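Use these hints to put chain B onto chain A, whose structure you have.
As given, the protein sequences belong to chains A and B, one line each in that order. Just so you know, the numbering used here puts 23 at position 23 of the first sequence, and the rest follows in order with no gaps. Just so you know, the numbering used here puts 70 at position 70 of the second sequence, and the rest follows in order with no gaps.
Check before you lean on any hint, since a few could be wrong.
Cβ-Cβ distance ranges computed for the label pairs, FRET-style [to be verified]: (1) B:Q59 <-> A:N76: 19 to 27 Å; (2) B:R43 <-> A:E114: 23 to 31 Å; (3) A:D157 <-> B:W53: 31 to 39 Å; (4) B:N22 <-> A:Q172: 18 to 26 Å; (5) A:I34 <-> B:P68: 24 to 32 Å; (6) B:P61 <-> A:S57: 35 to 43 Å.
Using 25 Å as the maximum straight-line C-alpha spacing, the simulated DSS-like pairs for lysine-lysine come out as follows [claimed, not checked]: (7) B:K33 <-> A:K129; (8) B:K37 <-> A:K129; (9) A:K174 <-> A:K184; (10) A:K166 <-> B:K33; (11) A:K174 <-> B:K37; (12) B:K33 <-> A:K174.
Because the hints were derived from the structure by calculation, they are not lab data. Since we're looking at a predicted model, the values are computed, not measured. Heads up, the beta-carbon is just placed ideally off N, CA and C, and yes, glycines get one too.
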Amino acid sequence: MLKQASRLLSRSVAAASYKSVTTRAFSTELPSTIDSTFVDAWKKVAPNMDPPQTPSSFMKPRPSTPSSIPTKLTVNFVLPYTSELTGKEVDMVIIPASTGQMGVLPGHVPTIAELKPGIMSVHEGTDVKKYFLSSGFAFLHANSVADIIAVEAVPLDHIDPSQVQKGLAEFQQKLASATTDLEKAEAQIGVEVHSAINAALSG
Amino acid sequence: MASNAAVPFWRAAGMTYITYSNICANLVRNCLKEPFKAESINREKVHFSLSKWSDGKPQKPVMRSDTPQV
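Excised from the complex, chain B in its bound form:
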């Protein structure tokens, strides 16, 4: 069975839809007027700890954060 529609350019470049959608959203947020822009950037900040597992044991956790560490 041949593929259906033409592949969108971002998919052809190896990007997934989620990445595309997030890039679009970030671009729109960057074009906002001041109080709204600061609010939206604040809203989208993330702060989490990530640890990879191997041999059934967690390795050292890595902190990923948009808020400056105290």
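Chain A on its own, in the form it takes in the complex:
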């Protein structure tokens, strides 16, 4: 009986994957994830066992893409050790993408942006909150939800300018004296991060 179940499972998985090769919906727009043909076939073969659950049945569905552009952007800003902002409704965020400062408004084109060390500012009315991000990613979804993840994010007044200057000088010197590729790369990263913090503190 178990052999039958695995045959049915592979048959319906094959059918589902054939469909998904042709059209791919965004994850915010998928219909109900319960495959009724599979569940029916399962019940015929193993009526006493519950059909297996898929991970999506445990997840809360994402808010769907509204047809008109919403007025506010919902921001989820998380760090490995804390959730800085959860579902906060704001007017705009400016993120330090690797291609330059990117302003994100509600209704932004769905984008995955890699972030470079820089300032992220969250604009809510006249209120602007700035954080210096060490690096990370920003996922902008079609439903005007922005997920920003960073490893370290500090408010600008937590930074010590003298340490930054010292670090910058130290890494510039390391860059000049580096021999292997790896040392050069590490020194270059040091110079970039410290210059970015410097620019952030002064600009």
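Okay, now just chain B, sitting in the frame of chain A:
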């Protein structure tokens, strides 16, 4: 198919993104003002035991720790 974008300098030097990201985070932490710096360094301390396996048996475990052993 040719590769798409230019490879970032750290990738060209053999570093992975995670290593790059952790280096950036450590540099930022080092530039913090005092109470915050101590908190962040404390937060990032790790303490774990690692044992490699061979022939289906664990070898002697190795302790890796940022906290001084008592």
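We went through each hint and held it up to the structure:
{"no.": "1", "hint": "B:Q59 <-> A:N76: 19 to 27 Å", "verdict": "violated, 42 Å"}
{"no.": "2", "hint": "B:R43 <-> A:E114: 23 to 31 Å", "verdict": "holds, 25 Å"}
{"no.": "3", "hint": "A:D157 <-> B:W53: 31 to 39 Å", "verdict": "violated, 49 Å"}
{"no.": "4", "hint": "B:N22 <-> A:Q172: 18 to 26 Å", "verdict": "holds, 21 Å"}
{"no.": "5", "hint": "A:I34 <-> B:P68: 24 to 32 Å", "verdict": "violated, 54 Å"}
{"no.": "6", "hint": "B:P61 <-> A:S57: 35 to 43 Å", "verdict": "holds, 39 Å"}
{"no.": "7", "hint": "B:K33 <-> A:K129", "verdict": "holds, 19 Å"}
{"no.": "8", "hint": "B:K37 <-> A:K129", "verdict": "holds, 21 Å"}
{"no.": "9", "hint": "A:K174 <-> A:K184", "verdict": "holds, 8 Å"}
{"no.": "10", "hint": "A:K166 <-> B:K33", "verdict": "holds, 14 Å"}
{"no.": "11", "hint": "A:K174 <-> B:K37", "verdict": "holds, 23 Å"}
{"no.": "12", "hint": "B:K33 <-> A:K174", "verdict": "holds, 24 Å"}
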